[in-house]
Amino acid sequence: MSHSQRRLPQDPQIRALVQAMSQRSYSRRSVLSVAGALGLTGLLAACGTGGSSTQAAPSIKDISETDPTVNWANWTLYLDYDDEKKTYPTLDAFTKKTGIAVNYREDIDGNDTYYGKVQGQLRAGQDIGQDIVTLTDWMAGRIIRQGYVQELDLANIPNSANLLPSLKEVDFDPGRKHSLTWQSGYAGIAWNKKAFPKGLKSVEDLWDPKLKGRVTVLDEMRDTIGLLMMQNGVDIAGQWGESEFGAATDVLRENIDNGQIRQVKGNSYKEDFVSGDAIAGIVWSGDIVQMNFENDDQWEFVLPEAGGTLWSDNLMVPVASPRKANAEKLMDFYYDPAVAAEVAAYVNYICPVVGAKEEMEKIDPELVSNPLIFPTDADLAKAHVFRSLEADEETTLNSEFQSAIGA
Amino acid sequence: MTLMTRKGIADLRSREEIRAERRKGRTGVYLIAPGMLVLALFFALPVLVLLAMSLYVKPEGAEIGEFVPGFEIGNYATVLAAYWPELLRSFGFALIATVLALLIGFPMAYLVAVRLREKSLLQGILLVLLIAPFFSSFILRTQAWKQILADEGFIAQTLKFLAILPADGHLTATPIAVVAGLTYNFLPFMVLPIYANLGRLDTRLLEASGDLYASPMTSFFKVTLPMSAPGVFAGTLLTFIPAAGDYVNAALLGNNRNTTMIGQVIDSRFFKVIDYPGASALSFVLMVSILILVTIYIRRFGTEELM
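Order-wise, the sequence lines are chains A and G. What the first sequence shows, in UniProt numbering, is residues 1 to 407, in sequence order. What the second sequence shows, in UniProt numbering, is residues 1 to 307, in sequence order.
Just so you know, these hints were derived from the structure itself, not from any lab. Every residue gets a Cβ at the ideal spot worked out from N, C-alpha and C, and that includes glycine. There is no bait here: all hints are sound.
Here are some chain A residues pointing at chain G (derived, C-beta under 8 Å):
#1 Q119
#2 K212
#3 G213
#4 G406
Listed next, the in silico DSS-like pairs over lysine-lysine satisfying Cα-Cα at most 30 Å (straight line):
#5 A/K61 x A/K177
#6 A/K97 x A/K362
#7 A/K86 x A/K329
#8 A/K210 x G/K160
#9 G/K160 x A/K194
#10 A/K329 x A/K177
#11 A/K117 x A/K177
#12 A/K382 x A/K210
#13 A/K382 x A/K201
#14 A/K96 x A/K61
#15 A/K61 x A/K329
#16 G/K160 x A/K193
#17 A/K198 x G/K160
#18 A/K212 x G/K160
#19 A/K329 x A/K357
Pairwise CB distance ranges, derived in the manner of DEER restraints:
#20 A/A381 x G/V288: 49 to 59 Å
#21 A/D297 x G/Q147: 19 to 29 Å
#22 A/T66 x G/V288: 45 to 55 Å
Given only the sequences and the hints, what does the whole structure look like? Please build it.
Below is the structure:
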């Protein structure tokens, strides 16, 4: 192999450096200037300028053939897990079937924090070390708009035809070219049945004096504010404006200030439910099912009368991932109804795969009638999707929400 | 003229001496260079980047996270107007935690360093116990406190039974829990410097003070405390500075509007709102405020040994 034909690294900055160094007549000055430029771009990248200034997708060579691995970043408790063997059964099945090893990481703790972590590298066109990331609709919309993900080749994912018809057309990814749904779920309300036997019907019921200081709400703006807006009679999918948003924020602020709401939290609200600090709150559907399974059925979840939010998390391939073909194979595998049913039986979120319901009959017939996995039409009518926000609007509203929750 | 004088002196010394002196000087420079380089690369440069970033502006119709270099002093006005209460609260919490840590930590350090000086085994055991918290994760310990202070936990229930805490009261998500967490987490940083200092305390001075009819109280204030001042000084700084910028305690034990500290605000501006200039401006304000407070403190109470 001749020197010039050596395979170049995929990272654009390192590639520039290697190219400069391998030029036949390189001088110390040319290397230094590249190194200087590198330092400078590194500096600018750290500054976080640019956002839409997406560079043309770098020509990434797919190395799936020679490197049979795939790296997948997902949320916690979001894939079937065998507690005894400490393995993920469906991942093992995938490896057995395709020979592709999976590095599965529960890396994502929040859409915002994950975006904050990787966006500098994505903008610079660098490989973030993940071939699949799993992000919620609105964040998926942001990174698709910013050009931080690769277009999927649906021909490599024949099972993608099994996607629920209602999820085929989404406003954040026109034509479903860049993403596939992993799981969907609701944000609704839940309460501890023993500590609060009366139960909840609407978001308003959370302001019961008996619950003072024992209410927790989600720090995901679209879920908490979405529920409050619906309580105020606003259609969150429609063209509402800042005043409707502001009215809901005021309700939130008032109830935090008067001590009714004790905590505003992400995933960690579950600990407060288990420790007893929280007895009611705005929560995610699948969590309650899992917590009930582990803690003797203590809680009950409902969609508020005025409606709950419906969200999905989506699988995407980041811009510089060199293993897109492997990632697509993995997506195809999980869109097999039998595999999807296996996952749904564990994670208890809404399964996006047609045919999984029939497969579930074989695994656990009881779960077939679980409306949190296979939703009824009545539930779906009550669940709404928060409309997409413009970049400017998102910053303003987010800022307002963050200051209302005191962060 | 000066040149002449210098030359005159040089003439008085042998060449050997001069060479040795130069070598010494150069060795010093070599020794100091790596440290300076690290400081320049990992402190000075980032601070400059931070300062530049805090002045960036958002262009018209920008995408989220898109900012261009600028000179927007207004960023500072905006964040200060919005977040001065959190800034003040951070310093308030840090101050209370530092005083509490001093009140709790000084007797501990005194016991181990002075009272147990003759009993080296017991002294060693207690010293290990003092350092033991460092063996486990800071986050994990704070998380554990959240369970200990939980509504259904022993402490909250007991306080309610004794009517110290109202029946509908709670401990987590209150300023009390946050200050308690800060005090607990930074206590070793207070105790260790004081311990190191009191370890050198000459007890004969206390005897002498007693011989001169000083009461134990007077001896403490006139002899022990002044002699341990450098330790107290280092301990208070090591507690106050990180406590003011801490956000783990505020996030885990507080996480309520009346417990928000500036670290949490910076985190949310940076990661959630994606307002890099705002977050940088707040970080810079925090750094400068700490620097000013510490300078005043050093000017007022600084001891020779530390300067």
